[in-house]
Structure formats: C-alpha cells, structure tokens
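Undergrad: For what it's worth, my numbering labels the leading residue of the sequence shown as 1, then goes sequentially.
Derived by calculation from the structure, the hints in this document are not laboratory data. Where a beta carbon is used, it is the ideal one built from N, C-alpha and C, also for glycine. Fair warning: there could be bad hints in the mix.
Stated by the list, open to error - Cut-off 27 Å, straight-line C-alpha distance, at most; resulting in silico cross-link-like pairs (DSS-like, lysine-lysine):
#1 K82 with K281
#2 K200 with K84
#3 K278 with K200
As the list claims (entries may be wrong) - With beta-carbon atoms standing in for the labels, derived distance ranges:
#4 L305 with G94: 19 to 27 Å
#5 D172 with T32: 22 to 30 Å
#6 F198 with D172: 18 to 26 Å
#7 A126 with I153: 15 to 23 Å
#8 L305 with V173: 31 to 39 Å
#9 P51 with F226: 20 to 28 Å
#10 K281 with F226: 15 to 23 Å
#11 T32 with H103: 24 to 32 Å
#12 I153 with F55: 19 to 27 Å
#13 H18 with R268: 41 to 49 Å
#14 K285 with F111: 27 to 35 Å
#15 A205 with V52: 45 to 53 Å
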Amino acid sequence: MASSPILTGVHAPVLPAHWRDFVALTKPRVMTLVVFTGLCGLLAAPGHLHPVLAFTAILCIALGAGAAASLNQWWEADIDAKMKRTASRPLPAGRMDRQSALHFGVGLSFFSVILMGMATNWLASAVLSVSILFYVFVYTIWLKPRTAQNIVIGGAAGAFPPVIGWAAVTGDVSALPIALFMLIFFWTPPHFWALALFVKTDYAAAGIPMLPVVSGEVATRRQIWFYTAIMAVAALAPVLLNLTGVIYGTTALLGTALFALFAFQVYRRRESDPARMKPEKRLFKYSILYLFLLFGAVVVDRWLLA
Numbered sequence: 001m002a003s004s005p006i007l008t009g010v011h012a013p014v015l016p017a018h019w020r021d022f023v024a025l026t027k028p029r030v031m032t033l034v035v036f037t038g039l040c041g042l043l044a045a046p047g048h049l050h051p052v053l054a055f056t057a058i059l060c061i062a063l064g065a066g067a068a069a070s071l072n073q074w075w076e077a078d079i080d081a082k083m084k085r086t087a088s089r090p091l092p093a094g095r096m097d098r099q100s101a102l103h104f105g106v107g108l109s110f111f112s113v114i115l116m117g118m119a120t121n122w123l124a125s126a127v128l129s130v131s132i133l134f135y136v137f138v139y140t141i142w143l144k145p146r147t148a149q150n151i152v153i154g155g156a157a158g159a160f161p162p163v164i165g166w167a168a169v170t171g172d173v174s175a176l177p178i179a180l181f182m183l184i185f186f187w188t189p190p191h192f193w194a195l196a197l198f199v200k201t202d203y204a205a206a207g208i209p210m211l212p213v214v215s216g217e218v219a220t221r222r223q224i225w226f227y228t229a230i231m232a233v234a235a236l237a238p239v240l241l242n243l244t245g246v247i248y249g250t251t252a253l254l255g256t257a258l259f260a261l262f263a264f265q266v267y268r269r270r271e272s273d274p275a276r277m278k279p280e281k282r283l284f285k286y287s288i289l290y291l292f293l294l295f296g297a298v299v300v301d302r303w304l305l306a
C-alpha cells in the first residue's frame with residue numbers, strides 16, 4: 001500500500017520551523033554527489049557557458065534535487081518516524097508541519113525549473129523537470145512502497161544530473177551524457193542495497209519492501225554482485241566507445257576492479273565479523289568515492305582531449 005503523507009504519532013510543532021530544518025529537508029549530504037555529477041556533465045560538455053550562467057545551472061540542479069528530497073520527506077514522514085536513521089528529520093521529529101514542507105518542495109521545484117530554462121535552455125529545464133517528477137511520483141509514491149525492485153527502476157532519478165549539466169551547455173543530449181546516465185543507473189542498485197543490508201531492520205519496521213527484507217540477505221548479496229558486473233560494463237563503455245581517453249580508462253579500470261573486489265566480499269559473506277568493518281559498509285562507503293573518482297576523471301580526460 002502506498003505511504004500516506006499523514007504523520008503517525010508525531011506531535012504538531014509549536015514553533016515555526018528553523019531555517020536549518022528547511023536545509024535538512026533538501027538532504028544536503030546526498031545533494032553533494034548529485035551536484036558533483038551535474039557539474040562534471042557541464043564541464044565535460046563541448047562549448048562554453050558564461051561562468052555566471054554555469055553557476056546558475058548548477059544551482060538549479062541543486063535546488064531541483066533539494067525540491068525532490070523535500071517532497072520525498074513530506075510524503076514519507078510517517079515512514080521516517082518508524083526508522084532510527086530518519087526519525088530525527090524535521091517532519092517526524094515534529095519540528096515542521098507537513099504543509100510547510102509541501103509548499104517548500106513545490107516552490108523549489110518550480111523555481112529551479114523556470115530559472116534553468118531562462119538561464120540556459122529549455123531542454124535542460126525539461127530534463128530537470130522530468131528528474132524531479134520521476135523521483136517524487138515514480139520512485140517515492142509508486143515504486144518504493146510496492147516492489148523490491150524499487151531502487152533498480154527508481155535509480156534513474158539520480159542519474160539525470162550529468163545529462164542536465166551537459167544539456168545546459170550544448171542544448172542537446174549525445175552519447176557521453178547517456179553513457180554517464182547508464183553508469184549511475186547501474187551503480188545505484190549495488191550502492192543502495194549495500195546500505196539496505198545494514199539498515200534492514202529499519203526498513204522492515206517501516207514496512208518498506210526493500211530487497212533484503214523481501215528476499216533475504218543471500219539473494220541481495222547475489223544481486224549486488226550481478227549488478228556490479230553490469231555496472232562494470234557501463235563504467236568502461238565511455239572509453240570503449242572512444243568518448244573518453246586514457247585518464248578515464250585507467251581510472252575506470254582500476255576503480256571498478258576495487259569495486260568488484262568489495263562486491264565479491266559482500267557476495268561471499270555469510271556470517272558477521274565484529275572485529276572488522278562489515279563488507280557491505282565498506283562497499284557502500286567506497287561506492288560514493290568511486291563515483292566521485294570516475295566523474296572527475298571524465299572532466300580531466302575531456303579537457304586533455306580538447
């Protein structure tokens with residue numbers, strides 16, 4: 001059953017929300033990677049964009065991501081209240097009322113999309129709009145509460161930023177931004193399922209059908225290994241298609257080999273080892289660094305080829 005935006009057992013806030021609570025709604029830590037991949041898409045694109053307009057484009061990507069995160073928390077406030085890692089967020093903690101969160105998210109959405117169109121072009125604006133709508137309606141409202149494959153399809157929402165950054169400069173979408181989109185798309189399942197393995201009890205308590213809850217840990221570890229293999233192909237595709245050069249190729253090869261090693265350790269693990277970091281935590285942390293490294297290498301490579 002789809003989650004309801006009505007809070008369960010959460011007291012209405014007495015005081016107006018603090019500005020820090022509105023910032024928290026945007027999930028700034030998650031936004032860092034979104035902004036970085038969008039920036040790399042913009043910097044790797046051929047052509048030139050005035051620095052002020054380039055800054056505005058990245059700002060719009062950040063605001064759009066923040067808008068989607070805010071609407072996600074508005075809809076899932078009752079679910080967040082049931083999970084330890086999210087119970088302190090502004091809505092479940094009672095520091096903000098739902099209407100304020102809804103208005104904030106909708107306002108940011110419209111502002112970011114319109115500003116992107118006026119500052120760069122309407123194709124970039126349209127892709128930004130699709131990314132927000134996809135995250136809110138397809139992933140948050142439709143997929144997440146209904147299927148264990150939610151993160152597989154829903155991963156597309158986080159894969160749009162490099163396409164948006166590229167389109168902001170060029171006014172079109174070509175092979176490289178599509179390849180970068182596919183890299184993030186196939187990176188998302190092993191990244192997110194690694195997290196889901198060590199917060200499985202939270203998802204179970206909230207009734208979210210994440211893969212470890214529905215299919216068990218063994219099946220999840222197998223799927224992480226399977227999607228890592230597909231991600232490896234996507235990671236090497238830009239260099240195999242001659243879209244990037246040796247810098248990216250070397251980074252992708254070495255970085256993906258280490259990713260695969262960590263994923264294989266997750267796949268092989270059957271019992272906990274309290275003396276060492278659990279393989280799924282190691283994979284989750286490394287997966288974030290991995291994406292930073294590969295997208296940074298794309299920019300360096302494109303600049304050297306220019």
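Undergrad: Of the numbered hints stated earlier in the document, which are not met by this structure?
TA: 4, 6, 8, 9 and 12
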